[in-house]
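Full structure from sequences and hints, please.
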Amino acid sequence: MTDQFTCHKLSNGLDVTVEYMPGVKSVAAGFLVQTGARDETPDLAGVSHFLEHMCFKGTPNRNAAQINIDFDRIGGNPNAFTSHDRTFYHGVTRAADLAGQLDILADMMRSIIPPDEFDMEKNVVLEEIAMSNDRIEHVAFDLIIEEVFKNHSLGWPVLGYDRTVKALTRDQMHNYFQSRYNPQNMRLVVAGSVDPAVVFEEAERVCGKWSAGEKRPDRVKPKLQTGVATKTMDRFNQQVVAITFEGPAASDPLHDTAEAAASILGGANSRFYWNIEQAGLAPYAGAYRLDFGDCGLFILMAQCDPQNTDRVIDALRTEATQFAAGPISEKEIQRVKNKRRTSLAVEGESPYHRLTQVMDDVDYRGQPRTVEDRIDAVNRIDAASIKTLFESFPVEGEGLLVSVGPLEASAA
Amino acid sequence: MADPVHFHLDCGVEVAVLELPHRRAIASEIRMLTGVVDEPADKLGLAHLVEQTLDKGTDKFDGRQLQDAFDEIGTGAHTWCGKQACGFTSLCLPEYYDRSMELHAAFLRTPTFPQESCDVAVELARQELLTLEDDAQGLADKFMGKQSMGPLLGRHSAGEVETLSGTTRNDFVEFWRSNYGAGRMQICVAGPVTADQVKSAVERHFAGFGESSQTHREPLPVEFSPVTTHHEKETEQEHIIIALRSVPKTDNDYAAARLLLGVLSGGMSARLFTEIREKQGLVYWVGGWQECPRGAGLMYFGASTTPERCQKTYDTLLSELDRVQKDVTEEEIERARTGIEVRTDIRGDVTRALCGELADDLTHYGKPVPLKDKLAKLRAIKVADIQRFCEQYVHQAPRSVVTLGPAALSS
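Residue numbers (the working numbering), protein chains in the order written: chain A, 2 to 413; chain B, 1141 to 1551.
Misleading hints may appear alongside valid ones.
Straight-line Cα separation of at most 27 Å, DSSO-like style, residue types lysine-lysine; simulated pairs [to be verified]:
#1 A:K224 with A:K388
#2 A:K123 with B:K1419
#3 A:K222 with A:K388
#4 B:K1466 with B:K1507
#5 A:K338 with B:K1200
#6 B:K1286 with B:K1452
#7 B:K1200 with A:K332
#8 B:K1419 with B:K1466
#9 B:K1373 with A:K123
#10 A:K151 with A:K167
#11 A:K167 with A:K10
#12 A:K232 with B:K1373
#13 B:K1512 with B:K1522
#14 A:K26 with B:K1514
#15 B:K1339 with B:K1507
#16 B:K1512 with A:K26
#17 A:K26 with B:K1517
#18 B:K1507 with B:K1517
#19 A:K26 with B:K1507
#20 B:K1452 with A:K123
#21 A:K151 with A:K216
#22 A:K167 with B:K1419
#23 A:K167 with B:K1452
#24 A:K167 with A:K123
#25 B:K1517 with B:K1466
#26 A:K388 with A:K338
#27 B:K1339 with B:K1183
#28 B:K1466 with B:K1373
Computed beta-carbon distance windows for the label pairs [what the hints assert, rightly or not]:
#29 A:E397 with B:S1353: 56 to 64 Å
#30 B:P1234 with A:N380: 13 to 21 Å
#31 B:P1161 with A:A385: 38 to 46 Å
#32 A:K167 with B:Q1420: 41 to 49 Å
Computed footprint of chain B on chain A, listed as stretches where at least three residues anywhere in the stretch have a Cβ under 8 Å from a Cβ of chain B [to be verified]:
#33 129 to 138
#34 160 to 166
#35 213 to 219
#36 236 to 245
#37 281 to 288
Just so you know, these hints were derived from the structure itself, not from any lab.
Given the structure is predicted, the values throughout are model-derived calculations rather than measurements.
Ideal Cβ positions, reconstructed from N, Cα and C, are used throughout, including at glycine.
In structure tokens, the structure reads:
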């Protein structure tokens, strides 16, 4: 870590990380809350995401309309997302308006969860669930997660289920909110052309009076399940198939290697591209990583004409097995490293991109990395590290096979 | 930031360069002024097929070798197919710019269209149409494209099942021969590179490529159909799109159109989000956007909602479109303006966004337009300008409506 980053802990324990980016006009800021779907109980499935919506609905100082108007007065570009293990509220604006941006974002972190807005926003979340149900790739992803993490809190969808969202009460949400939204479970990250001392001063002003609170309950590492799961949905025309294996956690030193391996196997100009897509078997075939702090997945996935399903599954398995068995040429590795270096250089221009990267580093790896740190990590990838990856996380064997689409279960 | 440098080369290529010496990477966009509008009526989808197959073989490389050559210099290269242009974008480190242009020239100038690659492209296009059938929003957009722009500009790049099946390798070759050449090329570059370096590279790699006379820069007619159609589909949500005629980017009223869209759909406090989602909880997604083929403009407003809320959502969309003329305020316009200005600053930090904006300027204005000129036009807009625009283009103006989902609107 270099002095490009300045870290500071407020008196109440809130960690603040600032990346100084000279020469840019915009500044990005975000509050990371280290809670998500995996931190819910079964009856509260979806509360983290619904709460994210409610944080835009009212604070001690602003109602929903005032939050929105105040953001728009400074062009704050606010947004938020919830995942299985985090909730992130962020915005990008001009450097001169950072104080205003922090004031609104911090205010939202003290949401009053206004009762008169609760049922209205519940309808919005139910519409979001309906929208997700109309997308076959979302249905497939939810099924992968549900089956591979069966009987574990990582297994339910971030949006929750229709029934749990409908049954959720404002008081249940408020209790959850009070137990999680405190400095023990939160981080503030800022990236842009800003003086860190000014950021810390502003952070103290808008967050310094928050009570320290308690740490979220510890998470339990899941045991991954294998087998076959199918969902017949004849309203869709294509079939989505996926084979899921265990992969390194986000905190594992092998995570950069896994990213490169996924790219060689199933990225642009990859083995999947030439041997599956350009063989005319499927218009989309890729290898993806999904990682959390304590576990990760390596997913081989394709969308295809249902009549090609068996051939596509065979091709995904064959390509992955051959890849893991090696040998992998240095040229193949070098090509992926070259592309990653360029994309990191480009991402390094944008405060928003850096905000999300720094947030990810702080959350999963305990400290931020510069663009150069990231490029160094990419440069260290070689055939030996890929061999180690697949020895530790094999992509052979059963895995979890998921198939969603019009095919009957017996055929899928 | 310096102003872009704009010039026309003898070989026919039009070039614009934004020199940004302190950036880490160079963004480049080559626009070939041909797209779906140039397809024969019985070969819809051909422009996209050609764009997808150009890089599958050249006189010096086979497809893999070409991709590997791009990867060896770490260049992320992408392509797209639009109505009146196909785009070839890339991002590379400064030391590899010339090589990147050389590789682009290789596949643009000497594609071999291997038979097998053409067959695969047709098969994958057929499967992509299946994917589109599963994308309700995308499908609604496709129907609206035809309805609001007509049979030529409303074509979808994916083509149609019946036209794809009859497309042969000869069609690929003929389309490329007829529509690709230096006279139809616009090249925009932004990053740590000088205009002289770009000029030299373009001349070296593209001189003598096809016709040098500059063509295909004229507007095409929009055929707007003010009708309502419903497309039945088994989905959980109903998709609504409303289209209105608007103005091209070159029109004096374009700044008013932009700010009107900002008032209705620009930020969190915009009217459609506030009235339809925040106050009534009718939708998760509602929004407005514009499309500007060269010399034309259209505004669209859309929402997705479950069938029981569909009519109310539609009625509220219409009432908001009517109401805005009566009570739009200076404060709302100022918020919309701030949103556009800040997003402009944010894009200014991203080299590829600046390159894309430069390419859009050449497409619509025929030259780079200084940012300060665009912002000055926005700053001049008052309530009366928005009201006048609404009177002409929104209030009681002909509307084209598409719904897609389980049930049609009742009124």
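Here's how the hints hold up against the structure:
no.	hint	result
1	A:K224 with A:K388	24 Å, holds
2	A:K123 with B:K1419	12 Å, holds
3	A:K222 with A:K388	25 Å, holds
4	B:K1466 with B:K1507	37 Å, violated
5	A:K338 with B:K1200	25 Å, holds
6	B:K1286 with B:K1452	26 Å, holds
7	B:K1200 with A:K332	20 Å, holds
8	B:K1419 with B:K1466	20 Å, holds
9	B:K1373 with A:K123	26 Å, holds
10	A:K151 with A:K167	23 Å, holds
11	A:K167 with A:K10	39 Å, violated
12	A:K232 with B:K1373	20 Å, holds
13	B:K1512 with B:K1522	18 Å, holds
14	A:K26 with B:K1514	19 Å, holds
15	B:K1339 with B:K1507	17 Å, holds
16	B:K1512 with A:K26	16 Å, holds
17	A:K26 with B:K1517	22 Å, holds
18	B:K1507 with B:K1517	17 Å, holds
19	A:K26 with B:K1507	25 Å, holds
20	B:K1452 with A:K123	18 Å, holds
21	A:K151 with A:K216	26 Å, holds
22	A:K167 with B:K1419	19 Å, holds
23	A:K167 with B:K1452	22 Å, holds
24	A:K167 with A:K123	7 Å, holds
25	B:K1517 with B:K1466	23 Å, holds
26	A:K388 with A:K338	16 Å, holds
27	B:K1339 with B:K1183	36 Å, violated
28	B:K1466 with B:K1373	37 Å, violated
29	A:E397 with B:S1353: 56 to 64 Å	59 Å, holds
30	B:P1234 with A:N380: 13 to 21 Å	19 Å, holds
31	B:P1161 with A:A385: 38 to 46 Å	39 Å, holds
32	A:K167 with B:Q1420: 41 to 49 Å	18 Å, violated
33	129 to 138	holds (count 7)
34	160 to 166	violated (count 0)
35	213 to 219	violated (count 0)
36	236 to 245	holds (count 4)
37	281 to 288	holds (count 4)
Going through the hint list in order, the structure does not satisfy hints 4, 11, 27, 28, 32, 34, 35.
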